[in-house]
Amino acid sequence: MASTKPPPPAARAHAQPLSRPQASSLISRFFSTPTPLYLSATLLRLILLLYGLHQDANSAIKYTDIDYLVFTDAARSVSRSHSPYDRETYRYTPLLAWLLLPTAWSTASPLGNAALFAFGKGVFAVADLVAGWLIERILISGVGDGGKGKGMDPATARKFAAIWLLNPMVATISTRGSSEGLLGVLVMALLWAVLSKRIPLAGLLLGFGVHFKIYPFIYAPAIVWWMDDERLGRPRTATADPQTVFEKVRRFITPARLDLALVSLGTFSSLNILMYTLYGTPFITHTYLHHVTRVDHRHNFSPYNIQLYLASATPASSGLRIESVAFIPQLLLSCVLIPLITAKADLATSMLAQTFAFVTFNKVCTSQYFLWYMVFLPLYLPRSSFLRNKRLGLAALLLWIAGQAAWLQQGYELEFLGTSTFVPGLWVSSLAFFLVNCWILGVIIGDVGK
Amino acid sequence: MRQRVTFITKPADALDPDHVNIVDGTLSGPPISAIREDRLTFALDELPGGLQKILSESHELHIRWSSPTPSESVSPLLSRIPPGFHLFYTPRNASAAESESLCLALRNLFGDINCRTPKHSFTSLEQGRFSHATSSQYFQQLDSLAHFSDHVKKVFCLPDDAACIAELARLDDAASLDISYDTISHALKLTVTSPYKRQEMYITSTPGHRTEVGILAEDNPPNLEPYEIGISGLLAVLGQDSKASPTLFSFPSRHRQAQGAFDVRLLEPTGLHPTLQIRISSERPLEDSSCSPHAYFTLPRYIFPDKYQLSDDLFLASKNLTALRYISQPVDLEAPEYVMNLWGSAMLLELSPQPDHTLQKGWTAEVPLHLRYMSPNESGYRNKSIPYPAVFWACHAEEGTKFPTNPFERVNLGYDGLFGPRTVFFHVPAAPGLEKLQNTITIPVLDADKTGWVNTGTATAILLGFTWILWKLYVSYTQQNSKRPVTSKAAEEKKRK
Numbered sequence: 001m002a003s004t005k006p007p008p009p010a011a012r013a014h015a016q017p018l019s020r021p022q023a024s025s026l027i028s029r030f031f032s033t034p035t036p037l038y039l040s041a042t043l044l045r046l047i048l049l050l051y052g053l054h055q056d057a058n059s060a061i062k063y064t065d066i067d068y069l070v071f072t073d074a075a076r077s078v079s080r081s082h083s084p085y086d087r088e089t090y091r092y093t094p095l096l097a098w099l100l101l102p103t104a105w106s107t108a109s110p111l112g113n114a115a116l117f118a119f120g121k122g123v124f125a126v127a128d129l130v131a132g133w134l135i136e137r138i139l140i141s142g143v144g145d146g147g148k149g150k151g152m153d154p155a156t157a158r159k160f161a162a163i164w165l166l167n168p169m170v171a172t173i174s175t176r177g178s179s180e181g182l183l184g185v186l187v188m189a190l191l192w193a194v195l196s197k198r199i200p201l202a203g204l205l206l207g208f209g210v211h212f213k214i215y216p217f218i219y220a221p222a223i224v225w226w227m228d229d230e231r232l233g234r235p236r237t238a239t240a241d242p243q244t245v246f247e248k249v250r251r252f253i254t255p256a257r258l259d260l261a262l263v264s265l266g267t268f269s270s271l272n273i274l275m276y277t278l279y280g281t282p283f284i285t286h287t288y289l290h291h292v293t294r295v296d297h298r299h300n301f302s303p304y305n306i307q308l309y310l311a312s313a314t315p316a317s318s319g320l321r322i323e324s325v326a327f328i329p330q331l332l333l334s335c336v337l338i339p340l341i342t343a344k345a346d347l348a349t350s351m352l353a354q355t356f357a358f359v360t361f362n363k364v365c366t367s368q369y370f371l372w373y374m375v376f377l378p379l380y381l382p383r384s385s386f387l388r389n390k391r392l393g394l395a396a397l398l399l400w401i402a403g404q405a406a407w408l409q410q411g412y413e414l415e416f417l418g419t420s421t422f423v424p425g426l427w428v429s430s431l432a433f434f435l436v437n438c439w440i441l442g443v444i445i446g447d448v449g450k
Numbered sequence: 001m002r003q004r005v006t007f008i009t010k011p012a013d014a015l016d017p018d019h020v021n022i023v024d025g026t027l028s029g030p031p032i033s034a035i036r037e038d039r040l041t042f043a044l045d046e047l048p049g050g051l052q053k054i055l056s057e058s059h060e061l062h063i064r065w066s067s068p069t070p071s072e073s074v075s076p077l078l079s080r081i082p083p084g085f086h087l088f089y090t091p092r093n094a095s096a097a098e099s100e101s102l103c104l105a106l107r108n109l110f111g112d113i114n115c116r117t118p119k120h121s122f123t124s125l126e127q128g129r130f131s132h133a134t135s136s137q138y139f140q141q142l143d144s145l146a147h148f149s150d151h152v153k154k155v156f157c158l159p160d161d162a163a164c165i166a167e168l169a170r171l172d173d174a175a176s177l178d179i180s181y182d183t184i185s186h187a188l189k190l191t192v193t194s195p196y197k198r199q200e201m202y203i204t205s206t207p208g209h210r211t212e213v214g215i216l217a218e219d220n221p222p223n224l225e226p227y228e229i230g231i232s233g234l235l236a237v238l239g240q241d242s243k244a245s246p247t248l249f250s251f252p253s254r255h256r257q258a259q260g261a262f263d264v265r266l267l268e269p270t271g272l273h274p275t276l277q278i279r280i281s282s283e284r285p286l287e288d289s290s291c292s293p294h295a296y297f298t299l300p301r302y303i304f305p306d307k308y309q310l311s312d313d314l315f316l317a318s319k320n321l322t323a324l325r326y327i328s329q330p331v332d333l334e335a336p337e338y339v340m341n342l343w344g345s346a347m348l349l350e351l352s353p354q355p356d357h358t359l360q361k362g363w364t365a366e367v368p369l370h371l372r373y374m375s376p377n378e379s380g381y382r383n384k385s386i387p388y389p390a391v392f393w394a395c396h397a398e399e400g401t402k403f404p405t406n407p408f409e410r411v412n413l414g415y416d417g418l419f420g421p422r423t424v425f426f427h428v429p430a431a432p433g434l435e436k437l438q439n440t441i442t443i444p445v446l447d448a449d450k451t452g453w454v455n456t457g458t459a460t461a462i463l464l465g466f467t468w469i470l471w472k473l474y475v476s477y478t479q480q481n482s483k484r485p486v487t488s489k490a491a492e493e494k495k496r497k
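Same order as they appear, the protein sequences are chains A and B.
Counting from 1, one number per residue, gives the positions in the first sequence under the UniProt record's numbering.
Counting from 1, one number per residue, gives the positions in the second sequence under the UniProt record's numbering.
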């Protein structure tokens, strides 16, 4: 693997794809040029999209995700100059509804209407592909590799990008009409912009990302911490080590960091001010406050789920309530400790670990959230213990799947058979899944030090 | 106070006028099989002070209660509503809508009515579509009028007035109760109907109050128009008439009886997304193609329909439904039952039209519903009952047909305001032999007996995971520190080249 014998540093974006001696095998030939990978990733999504159209038109059980109906209803609402928040459970930025405006248009032909309705899924699928392409760029440019400047040869980069591009889970989620693919491309673009030192663009993407889905704010500390003079390739202004705290702070506030902070805050606040001016309080309530006040305890993967159900149904008792301090481990890990300890060594892996911690320790967790960290896997796996030690990797994958399977089985018994599986079934399996995730996260973090 | 007592018999049981005697303001006769309907009309100042105050804050207030025990309906008393306590209300002003006094008074009168204020607990109705609709609606399951009966006995009867107590005891097995008040008439009308059964015939008038008695049955007078019901029988005003006089009259009626029957069952397993299956066998009431079958539901807050799910034509067709015609707003699609203030949701579904041979044979329509999370209890399951819907054919009467108020008119039933003024409702009776007009459902909840470890267990798991990650962070930190001087410098050197 790449970790034991790094490929020649000459492999840059402009370089011709390398043809290695063993490129005769089918797999190597598949990855030797970009076309087969991107063509098959596109085809996979196209087939799923068409299959979805067929199923939706002919079956009472829909392929399209319920969320997509929420987005398109909101887009229809916007097209009639109403607020997107007129649609119940629309909890997103109005930008999403605007983006999907074509789904609200109609033509004379039913086929045209079906195509227009699928427009948003197309956008999400294209976002997937662009995210995959960015993954390939980052791997080839090599700066993702702990900033050590070792580029990966394009064929190997594509092999890893395929983990995302040819992942059936990713393709299904976006063609069913879930907007997580947009987050994938936003976050990858953010990482790419930072690594290629396009600071204003990074600020723009960060501000936009936080406006879009809140959670990308966890990347801000990692990026800010990472952006020291050394990593931005600027000569150090002073050679002597700073003496006072004041001096340390002054040196920390570099023009690049100020730039990032101002552009991202500016983008975030101007988007919010614009949306607030247009749609008023419902924008704030549904996009942001909902996540603070929600009392929706429908079972999900979160380790807190059963505890939250219990706490919300029983009157406040004395003493410390776990749910009121749940944000402490979550934010401490994802915003402070992980970025401080790992960001400078390996920004991509830090962002993966932060996202993983944020999702694992969140009070609500559904399988769509897994996409938030899956987009980073191709960047981390090449240097991971999971690939170096195949047995470890297989164990992690199997445990991750088994944790979900056990939970899903209990969920099925509750949801469809009406068996009260909350305790111990769902509770124990969600805690087991949580511990598996913690173990995996520990291994990821451990890899940064190696 | 005015009193009207009507015995509604079946045409075959009509009474011979000679068998009815009126002596000193008391009417008596042989027992008959009939529905007894008692209607009392009060002027506002005849009512207890507390009630007067509530009514003075109301613009319109209508209570409709129907027993979950099925009973046979006899023409012209044909309208039907889902079993339970229905309230239709227009407050006089905004402060009345935010006041707790109405809900307190209802609790006082009917027992376990757990609304807070109209603003919190009532759903608002579309206003202005049809003028007779009130502005808000409330519904709750209420199996008996026992509490109401005890309350009115205390208010209206002296403790030793056995006759008064016996008179009001009829509330205990009433089939329905209607209470209506509006500011225009300034009068409160209370109507109680008994189930169809053998009735004693002995009515005494109260001195100073007008008492009308009728013994009536459906009839076919000549020149009966379509949409009209003909009635014949005896009428008397106690204290005024010495003999009951025969009568024959007809009036247009919006509520009619359809042939056939329906029942409802839950498809197993119910899970958290139960499906109600309505089985109907009922022939089209008119040759007219304008008739279509409907089901009107009032669903308590623990169970709800998803209007978005019920908007896809293919999905609806697969359930034998045509469209969701009305659903009360809002319906929170996520909140657990125990944080809800709204009573629940009312829903009108149009069922798919069926060819005539299927109508006879019987067919089913399925109504997909969803359960909310409910508070934990000791067994891990809660049993709840889902009230039957009212199932009817809605047909359009011809152009020009008018439905003026008739003596047995019943309005504000929840669904009538959702149709145009010329719609006629042909009610499909519930299948004979049913014990209750409701289905029992078992809902899984968190088992409170097993939750002792939840707090400790969750906290332990979180701490364990958190500590493991902290340890790995520490290890990573120390490893990086031991390597740092070499690697970072080297990388820098490389970059500069």
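Any given hint might turn out to be false.
What the hints assert, rightly or not - No farther apart than 30 Å at their CA atoms in a straight line, the calculated lysine-lysine pairs in the DSSO-like style are these:
{"no.": "1", "chain 1": "B", "residue 1": "Lys384", "chain 2": "B", "residue 2": "Lys10"}
{"no.": "2", "chain 1": "B", "residue 1": "Lys319", "chain 2": "B", "residue 2": "Lys10"}
{"no.": "3", "chain 1": "A", "residue 1": "Lys248", "chain 2": "B", "residue 2": "Lys483"}
{"no.": "4", "chain 1": "B", "residue 1": "Lys307", "chain 2": "A", "residue 2": "Lys213"}
{"no.": "5", "chain 1": "B", "residue 1": "Lys53", "chain 2": "B", "residue 2": "Lys10"}
{"no.": "6", "chain 1": "B", "residue 1": "Lys53", "chain 2": "B", "residue 2": "Lys243"}
{"no.": "7", "chain 1": "A", "residue 1": "Lys159", "chain 2": "A", "residue 2": "Lys62"}
{"no.": "8", "chain 1": "A", "residue 1": "Lys159", "chain 2": "A", "residue 2": "Lys363"}
{"no.": "9", "chain 1": "B", "residue 1": "Lys384", "chain 2": "B", "residue 2": "Lys402"}
{"no.": "10", "chain 1": "B", "residue 1": "Lys436", "chain 2": "A", "residue 2": "Lys450"}
{"no.": "11", "chain 1": "B", "residue 1": "Lys436", "chain 2": "B", "residue 2": "Lys153"}
{"no.": "12", "chain 1": "A", "residue 1": "Lys390", "chain 2": "A", "residue 2": "Lys62"}
{"no.": "13", "chain 1": "A", "residue 1": "Lys62", "chain 2": "B", "residue 2": "Lys307"}
{"no.": "14", "chain 1": "B", "residue 1": "Lys197", "chain 2": "B", "residue 2": "Lys53"}
{"no.": "15", "chain 1": "A", "residue 1": "Lys197", "chain 2": "A", "residue 2": "Lys159"}
{"no.": "16", "chain 1": "B", "residue 1": "Lys319", "chain 2": "A", "residue 2": "Lys62"}
{"no.": "17", "chain 1": "B", "residue 1": "Lys319", "chain 2": "A", "residue 2": "Lys363"}
{"no.": "18", "chain 1": "A", "residue 1": "Lys390", "chain 2": "B", "residue 2": "Lys450"}
{"no.": "19", "chain 1": "B", "residue 1": "Lys361", "chain 2": "B", "residue 2": "Lys319"}
{"no.": "20", "chain 1": "A", "residue 1": "Lys363", "chain 2": "B", "residue 2": "Lys450"}
{"no.": "21", "chain 1": "B", "residue 1": "Lys189", "chain 2": "B", "residue 2": "Lys119"}
{"no.": "22", "chain 1": "B", "residue 1": "Lys483", "chain 2": "B", "residue 2": "Lys189"}
{"no.": "23", "chain 1": "B", "residue 1": "Lys53", "chain 2": "A", "residue 2": "Lys197"}
{"no.": "24", "chain 1": "B", "residue 1": "Lys307", "chain 2": "B", "residue 2": "Lys450"}
{"no.": "25", "chain 1": "B", "residue 1": "Lys384", "chain 2": "B", "residue 2": "Lys436"}
{"no.": "26", "chain 1": "B", "residue 1": "Lys153", "chain 2": "B", "residue 2": "Lys319"}
{"no.": "27", "chain 1": "A", "residue 1": "Lys450", "chain 2": "A", "residue 2": "Lys248"}
FYI, nobody ran anything at the bench for these hints, they're computed from the structure.
Outcome of the hint check:
no., hint, verdict
1, B:Lys384 / B:Lys10, "violated, 36 Å"
2, B:Lys319 / B:Lys10, "violated, 38 Å"
3, A:Lys248 / B:Lys483, "holds, 23 Å"
4, B:Lys307 / A:Lys213, "holds, 27 Å"
5, B:Lys53 / B:Lys10, "violated, 41 Å"
6, B:Lys53 / B:Lys243, "violated, 41 Å"
7, A:Lys159 / A:Lys62, "violated, 33 Å"
8, A:Lys159 / A:Lys363, "violated, 35 Å"
9, B:Lys384 / B:Lys402, "violated, 42 Å"
10, B:Lys436 / A:Lys450, "violated, 71 Å"
11, B:Lys436 / B:Lys153, "holds, 27 Å"
12, A:Lys390 / A:Lys62, "violated, 38 Å"
13, A:Lys62 / B:Lys307, "holds, 16 Å"
14, B:Lys197 / B:Lys53, "violated, 37 Å"
15, A:Lys197 / A:Lys159, "holds, 26 Å"
16, B:Lys319 / A:Lys62, "holds, 14 Å"
17, B:Lys319 / A:Lys363, "violated, 36 Å"
18, A:Lys390 / B:Lys450, "violated, 40 Å"
19, B:Lys361 / B:Lys319, "holds, 18 Å"
20, A:Lys363 / B:Lys450, "holds, 21 Å"
21, B:Lys189 / B:Lys119, "holds, 25 Å"
22, B:Lys483 / B:Lys189, "violated, 91 Å"
23, B:Lys53 / A:Lys197, "violated, 74 Å"
24, B:Lys307 / B:Lys450, "violated, 36 Å"
25, B:Lys384 / B:Lys436, "holds, 13 Å"
26, B:Lys153 / B:Lys319, "violated, 48 Å"
27, A:Lys450 / A:Lys248, "holds, 28 Å"
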